[in-house]
Amino acid sequence: MACILDRAFANQPALVAFLTCGDPDLPTTREIILAAIRGGADVIELGVPFSDPLADGPVIQRASERALKHNTSLRDVIEVAASIRREDAPRCREVGLVIFSYLNPLVQMGLEKFAAAAAAAGVDGVLATDMPVEESAEYRATMQRHGLAPIFLVAPTSTDERLRKIASVARGFIYAVSRTGVTGERQQLPEDAQKLVKRLRKFTKLPIAVGFGISSGEQVKAITGFADAAVVGSAIVKMIEQNPGHEAAVVEEFVRALKGKC
Amino acid sequence: MSTARGTTAKTAKAKTAKAAGTTKAVPGRFGMYGGRYVPETLMAALEELEAAYAAAKKDRPFQRELTELQQKFAGRPTPLFFAQRLTKHLGGAKIYLKREDLLHTGAHKINNCIGQALLARRMKKTRIIAETGAGQHGVATATVCALFGFECVVYMGEEDMRRQELNVFRMRLLGAEVRGVSSGSRTLKDAINEAMRDWVTNVRDTHYLLGSVLGAHPYPTMVRDFHRVIGREARAQILKAEGKLPTAILACVGGGSNAIGIFYDFLGDKKVKLIGVEAGGRSMKLGDHAARFLGGVPGVLQGTFSYVLQDAAGQVSLTHSVSAGLDYPSIGPEHAWLADIGRAVYVSASDAEALEALVLLARKEGIIAALESAHAVAELIKRAPKMKKSEVVIVNVSGRGDKDIGILRENLKLEGK
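Same order as they appear, the protein sequences are chains A and B. Using the numbering used here, the letters of the first sequence correspond one by one to residues 2 to 263. Using the numbering used here, the letters of the second sequence correspond one by one to residues 102 to 518.
Some clues are possibly wrong.
Claimed, not checked - Cross-link-like lysine-lysine pairs, in silico, DSSO-like; alpha carbons within 27 Å at most:
id, chain 1, residue 1, chain 2, residue 2
1, B, Lys173, B, Lys159
2, A, Lys196, B, Lys225
3, B, Lys345, B, Lys159
4, B, Lys341, B, Lys374
5, B, Lys225, B, Lys371
6, B, Lys386, A, Lys70
In case anyone wonders, no lab produced these hints; they're calculated from the structure.
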């Protein structure tokens, strides 16, 4: 499965699109993902809504609340992934699919059961926001046994020692957080991001994707000048929030414009 | 969906622990509970805090300053008071009250705040943030920030700001900024989420002064250590007063800081029963209470692995308690472990029982306890009459009830008395 991720980053630079599954509902989520794929997204991050999204800013918090109003579950997210893989449309088999979740829903499902189901659905990797590398031995082993890439975050506050540790166990790609803070759009890209990618590069050959706060084509262009991929999340989620009824069309156009800047 | 539920409690726990990868003994673990589950951005800050605390623990001048402030600023030691009329009224065990309500700011919370403020100064942080439920931790934090000259921001759920209005004013009077939190149930859990969002953003110059034995390592251990003084004093005081150890110690448990504080120095005294009292709320239905040991299953919330009130999909439940300080869906990981190994037992008292207990204590002893502490008194009312007159029981009166007057006026009809 991880080889799909390898290919997704092979046509560098890549665009990673995040959305919260179940916002506004699961059928629409599916349509938006297909639209993002048509628009040129190389990897889709399937956000699992959680009741206590402490790493997220207001936009993704609101999306989680909307998704939880009709009880969108981890199971549902896995089923969305499976339904994308069943599609005949171009690139639905080649796009990278990553589950992006807080740890507790995975723990409650059971890591083994989760990994088996996600792998069977065609998911390539998993990122658990609140799973630091120190606590992750068994988690990683379980994911990898099922062919899922355990993806980790690095942050501007990560020491070189931590970067080395993370790089040595991460698979698929490494998600570099552009700045300290929660998810959400920012006007300006911090210098932190480029410095972090430079520091991390010493320790890994894996693709490095930079995310948090990226919302414009200009920012994507700047990011992909020094990193392998840009992650766009809150900006997409905000579009979904602001365009009820025609979410997919708007996201497709947005993603196409961003991909054009890669 | 198959979850930890459905099998027996014990195997479910073991399975969930395995799922979280928590079977190895490492610092910050209490059995399989505890750990450090936070976004990467905070990891360096937690490592820094852990190192600073480890150094401070061995540093004589730090410990001397801590002790001096505990005594001269906060008013330690607190008395262990023999509750003569309440003992007579309940007709069983001899009742002693550990008077943490007499501390400066009105609750045990100041013990931890002094310790962490000293640490923040040591780490050269300039800004302190905190969450608060009942407002007692917020007031204690605002107090030490005024004392040390830190910028101070306190996050508080809007529901709690409403019901603990007096403490909101006290914090502002002390120079703190109180930021209302309108997400979720607008209570303690949501205030912690918001404080963590602030911390993840301003981590370089900000110390998060977490107010209970919750969160990621080293908080549960460090906060416990700052509150251990309660049990250390109580043990010496009861030996002096009675020449023997108590049969039981009762304390309320929200996150569990006052309980672990009074329990800890008695852990080795196997004959002393340690009893934690959770908030039973208005009913035993999920969402109506905060009794984690009755309805919770192990999971990860806000940095630690412990019992969590949640649904089968792992979404955290709303909780209810008349007492804002106990209104939280998880519990300190050390309590989870003490419950599993049977060293402490956890029971619950309903809103109504706590209110009744508060009135009884006020009228028999002239002490208006906080609604949180009144939950421990409620368990005392059930338990003391069944105990022998030769037995001794200690109740930790963790805070005073002035902050609760508004809620009490809404809930109690006292006309004619």
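Enumerated hints in conflict with the structure, sorted upward: Per hint list: 3 and 5 violated.
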